[in-house]
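K.L.:
Chain order of the listed sequences is Y and L. Per the numbering used here, the first sequence starts with residue 1, numbered consecutively. Per the numbering used here, the second sequence starts with residue 1001, numbered consecutively.
Hints in this document: simulated from the structure, not taken from any laboratory. Some hints here could point you the wrong way.
[What the hints assert, rightly or not] 25 Å max Cα-Cα, derived DSS-like pairs, lysine-lysine:
(1) Y:K71 - L:K1102
(2) Y:K14 - Y:K70
(3) L:K1002 - Y:K83
(4) Y:K57 - L:K1002
(5) Y:K57 - Y:K71
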Amino acid sequence: DGGITQSPKYLFRKEGQNVTLSCEQNLNHDAMYWYRQDPGQGLRLIYYSQIVNDFQKGDIAEGYSVSREKKESFPLTVTSAQKNPTAFYLCASSIAANTGELFFGEGSRLTVL
Amino acid sequence: QKEVEQNSGPLSVPEGAIASLNCTYSDRGSQSFFWYRQYSGKSPELIMFIYSNGDKEDGRFTAQLNKASQYVSLLIRDSQPSDSATYLCAVKAVAGGTSYGKLTFGQGTILTVHP
Chain Y
1 DGGITQSPKY
11 LFRKEGQNVT
21 LSCEQNLNHD
31 AMYWYRQDPG
41 QGLRLIYYSQ
51 IVNDFQKGDI
61 AEGYSVSREK
71 KESFPLTVTS
81 AQKNPTAFYL
91 CASSIAANTG
101 ELFFGEGSRL
111 TVL
Chain L
1001 QKEVEQNSGP
1011 LSVPEGAIAS
1021 LNCTYSDRGS
1031 QSFFWYRQYS
1041 GKSPELIMFI
1051 YSNGDKEDGR
1061 FTAQLNKASQ
1071 YVSLLIRDSQ
1081 PSDSATYLCA
1091 VKAVAGGTSY
1101 GKLTFGQGTI
1111 LTVHP
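Only chain Y is shown next, with the shape it has when bound in the complex (with noise of 0.2 Å):
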């Protein structure tokens, strides 16, 4: 079947950590993008890549960091630098960047202790 595989699906980290997220498609599409959902809000993009090799800053950048080394694989790292990670984590796919209809991973919840 193919889908979005995000790991892990829950994750707690202590201050002054940094942590990466996993995301991984076999959906063969050449965009990916990070959301962060927190209550109450809507979803909010902190990078994006069009194409592999290449990533762009989202609205909510400061304090995390991609790769995007093989088209199916774009793991975010929440570094110590973000000063309020504790969110939901959605990893998304789109065929190509110049659609909005986004499939989307199950998500990683991160709760700094």
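For chain Y, the structure is supplied; the task is to place chain L on it using the hints.
P.N.:
Relative to chain Y, chain L alone:
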């Protein structure tokens, strides 16, 4: 003013009724419009998209777009308890050349359908 605005609700309707969810947007150049459904604790899934003014029907769902008034709505006929979820409106800006046309989400409307 928020770029994409929705009434956060909760909107409560009885089973079998029509649920009406509304969304307004500020960028007059927006070109495409999407409705995502998100069950509690789960990820969003696309249920409807609309690109042209007017109505678009898919089963019990109808999306309505009025670009002049800058609003898009989602009607759910014969609402079922399984429709209880948060509905996210998303609006895509025009992409210029190879640039990315940003997809902006509203904060979502919580819908509860009670038996």
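K.L.:
If a hint holds in the structure, say so; if it does not, say that too.
P.N.:
Outcome of the hint check:
For a cut-off of 25 Å, the pair hint linking K71 of chain Y to K1102 of chain L stands: about 21 Å separates their Cα positions. Of the supplied pair hints, the one linking K14 of chain Y and K70 of chain Y is violated, its CA atoms being roughly 30 Å apart against a limit of 25 Å. With a CA separation close to 23 Å, the supplied pair K1002 of chain L and K83 of chain Y stays within the 25 Å bound. For the given pair, K57 of chain Y sits about 20 Å from K1002 of chain L by alpha-carbon distance, which is consistent with the 25 Å threshold.
Between the alpha carbons of K57 of chain Y and K71 of chain Y the distance comes to roughly 18 Å, so the proposed pair stays at or under 25 Å and holds.
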